[in-house]
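**Student:** Position chain B relative to chain A; hints supplied.
Residues per chain are reported as follows:
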Amino acid sequence: MSPLTCQQVLDEIDLLAAGECDPGTAAAIWQHVTGCPGCAAALEQARQVIGWVNLSVREPQALERLQQRIHAEARQRRPARGLLVLRVAGVAAMLLLTIGLYFVLSPGLDQDRHGHIAMAQIGPSPDAVYRVEDAHSIRVISGELLVRVTPEQAPGQAFTVHTAGGTVTAERAEFVVEAAGKNPLSVRVLSGKVSVDNNNVHLEARRGETLRVSSARAAPQRLIESPGYRIARAYVPVKVKAHARVPALKLPVEPAAVWNWPSLVKGPGTLRTQGSAVVGKGESDDLVSSYDVLSKQGMPLMITSDTVLYLARAQLANLLRDLEEHQLAFDLTRLTEGLGGHLAHPQAARERTASYEGRQLALIYVAVAQRLLHPEAEAPQGVDAAVLAAIVKAVQEGQKLEEVPGLGYGADFSDFRPVGHYAASDTLQRYFRATMWLSRMPLLVAGGEGKTVSALQAERQTIAAHWIAEALQQAILSDGRPAVEAWRTIDTVASFFAGAADQPGPAQYTASRLEWRNPFASQLMQYVPRPLFADVARSVRQPVVPEDLKAEVGPATGFCLLSQRFAADAFALGKLVYPNIGRGTNEKAFTAVTLADGQIVRGLPRGLDLMALQGNSFARRVLHDGGDDAYQATPTALGYDEAFDRLRADLDRLDVIDWNRDLYWAWLYALQPLLREPIAGSPTFMTSGTYQVTQMNSALASWTQLRGDTVLYTSKANQAAGQFRAESKDARAFTPGPQRGTEAMAYVEPLPELYARLLALTQMASKELAKMNLLTAEWQKRLAETTQLFATAYALAEKELDDEPLGAEEQAELRRLPERLREASGGPLPGPVIVTIAKAASGDWVLQEATGRPDLGLFLVRLPDGKLATFAGPLSSYYEFKQRRIEALTPERWQEMLRATPGPVRPEWAR
Amino acid sequence: MKLFTPSAALSQLSDAELVAQCAGGEGAAAFGELAARYYRPVCAFLFKKLGQADLVEDLAQETFLEAFKALRERRGPAYFSSWLFGIAHNRCGKWFRRKKVGLFPANEPPEVAVGGPISPQEEAEEQHKKMTALEYGLAGLPAETRQLLYFKHEEGLTCEQIAARLRQPVGTVKSTLARTYKLLRARLRGEP
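Chains as they are written, first to last, in this note's numbering: chain A, 7 to 917; chain B, 618 to 809.
Just chain A, same shape as in the assembly:
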């Protein structure tokens, strides 16, 4: 069909919006509106009119139906009050009634026909119509029900839900059944396993999956499963005992009662009174070398949780680095090359239509990444060489651009300087810059008043995003693979290590074109994953973005070929600062920042916020004592306490599967045992205040390491992470006590749950990455070895809590543990790290978290034979800084500070 003129389009546009246009004309109109903002606006208006006419014509009948329902409702008995309201995340809140109660409370039901059902609870939506068939089944006519099947009362018995679309059966599960409407049956599984039978087809679904039956005669279909839950299914929790029976130690102890009382430079300090002490800097640069020194001194070794965490983290960081260097960098280079080739075009268009300009922008966007990855690469045909060169130069040299050509907003590319392990090789440096470009420079959705770019610019960028999304589906790479396959590998690895995307990407943009009736922007907000790259009507080139939905999209929301990742910690910390939190009065609080108008606000979060949110009362107390929670509500913001409580409740609702959706979340989950009070019967040193500080320190240091490792994918702020080694200094803080056969002794910090979680996490990583064909034989071996070592730590920690003696062989195994973990870590051990976690809204201040040289901890342990011995082991060190942005610490500066005497200052609570 030949191109249409504006007049022809305007003649047909109303019929198109009403769904009455023939396909050929529809395609031609779509092609036209792609490049014609005037006609695109007219189409949007036509859609509105049709919608309103629809509502208006149907109003009398709809109102009638409503009146009938109100009267029906009024005839029903008034519902009982005070029922447990169950909030299932995101599911429309529904009342939860047991079926037993149901007879009493729910009207319209034949009450005398049925017996008591104890094996299920149901929560009907207000409009649900259903009836109880017998003791083990219900029939849903219409509406939505939350069903929770708990078979304790009727073991081996399945519960059945009959609907017009099929039969749902479950033995232990929680699911939402929706019946009637366009899809006669839809089952969303919240936990457990559910099966659906319809027309002789039997299909099972597990948590995170949805089964849908589109008509009474159709077979059930499984909708896309959640990638998060898919991964989490590989997580098998290890059961942990919840008791301990180590006899308490009476404090303070007399040094003479201890086998190997050390001579402490600064006196016995808390070792005598609290059973543990931090005695200053260790003797080496990393945690593992500390053990060599301690062994030589004949000290009994404490395998600290810090050591285990540090080495486990090092392994994951090295694994990620290997994948990036040997797989992802290669994939990304081929991918950008392929996309560039696909988008290239030999000659300039005669008319500069919106579609043409969008394509030009898409080409530049991809070509910049291609050039960053492969500086010698030829620019794709049709790209503006001067613009390309200017952007690439600015990125490579870390310059600031007031306005990035084509994007209409500025960027400070100093953030694009490779940091951490990304500085280690040319390939990694290139990969880092290109990934930064593709994940931090969105093609924006919304423009106009109050937004970063003009409406026209946003429109061009959205068209460009669609060109890229389309190219991704169609392009074939030089190695013969479809482009989308390479993209998926990169995305999957990033999702696995750092979390799900938090910017819309090709999937959302492709989905938004599937049905023009589905407003584009609402798709973006919902992030509903559609079957990726399903057959799309190729002629549709521009989505309809209703203005009102555009307004709801944030100013920085836009297409990223590779996205930053959504992380619980970044999200939570973001909710605990201005403008989400109201005003304070104490400008001396760590978190306080004074705005230009004199207002004191919570400009920065603290690492402690995160720990307090996970239930640690010590962290909460420190925040309180420092005035970091003294912020009151204002009309537009919550007070700190309220926001904290809400977030806390939200985090509390997450369960083991939620927490193990990827390695990033799983790491936060693994740290949780450090934040709890020790169980009763734990060794005495674990119950002291000193130990509490040590624990907090370990958790925060490990979190800082995590942030440093995943800096490319997660942090939204400026980041800087250093990888270097501080120089060794002989700052001996103690002299070991007498060696009465104690030199072979070892003890693992008795935190079985921590090791169990690390064990489960490593197994999950091993299983999932192997499934994705991303593990070399070498890495499979390393992960298997680590799993084994965590199992050892876990088993021996449980034994210690049971007050059983460790045999000589077991102690020897423990002494070898740090070295074996180091060997399995598959690369260099990380040195101190400094990471920028947040920027204050005013832009003046940043929050930086850092780790430094290890400390040395001494622990007094009462052995099962009643003897008392001092064990020594390294501890991570943690620092937190509030810095002026222009004075933010660089890795080099941090290194200098660590070398200097007296060295950087620890947070007050940790001193």
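To be clear, the hints were calculated from the coordinates, so they are not data collected in a lab. Remember, it's a predicted structure, so these values are computed and weren't measured experimentally. A couple of the hints might just be wrong.
In silico negatives: residues of chain A with every beta carbon more than 12 Å from chain B [what the hints assert, rightly or not]: (1) 43; (2) 57; (3) 606; (4) 683; (5) 686.
Derived EDC-like pairs: lysine to aspartate or glutamate, alpha-carbon spacing no greater than 16 Å straight-line [unchecked claim]: (6) A:302 / A:825; (7) B:799 / A:79; (8) B:686 / A:79.
In silico contact screen, one side only, chain A against chain B (beta carbon under 7 Å); selected entries [stated by the list, open to error]: (9) 21; (10) 58; (11) 76; (12) 903.
Think of the CB as a built atom: it goes at the ideal place given N, C-alpha and C, for glycine as much as any other residue.
**Tutor:** Just chain B now, kept in the frame of chain A:
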């Protein structure tokens, strides 16, 4: 005891008075009056939020039923209309979330209240104005055209089906519809 209050009397009552009656024996009638007053504004509001007319009716019904249940339990609001729009607003939120949950929970941040600069009520009023303009447009149409719209939108018939029913050529039906929509569009832009 009066079992039934004629709606003519109810229509004289203020929102607050009707709200007060909802918990009583004649609650359904009182609420029916409130529903009649607010059905269209709520639909207009929901349509603006969702952009899909076929969803609006379902959510509007849920909104009113939820409001009615709350009023019967005497969980009454100080200002009915803003409270009602609040419910509608939440229903929208739930709908958006419901689509998301289970399928892609990794991206769902915990729910934290965020206040928008424009109140749902203001938005609704603006929508209501537009809808009223359209209403005038519809009222001015010839009866045959209105019937055409009824077939298309209430009964959900296609142009072919309408043509068969009215024994008219499809082309005629299509062109009448196109002309009518265009006219209404002009009306909405404020053109005569």
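**Student:** Hint by hint, note whether the structure agrees.
**Tutor:** Structure-based check of each hint:
1. 43: 16 Å, holds
2. 57: Answer for residue 57 (chain A): violated, closest chain B Cβ roughly 4 Å.
3. 606: 21 Å, holds
4. 683: 25 Å, holds
5. 686: Non-interface label stands for residue 686 (chain A): nearest chain B Cβ at 32 Å, farther than 12 Å.
6. A:302 / A:825: 15 Å, holds
7. B:799 / A:79: Violated, at roughly 41 Å.
8. B:686 / A:79: Holds, at about 8 Å.
9. 21: At 5 Å from the nearest chain B Cβ, residue 21 (chain A) passes the 7 Å test, so the hint holds.
10. 58: 5 Å, holds
11. 76: 5 Å, holds
12. 903: Violated, about 36 Å.
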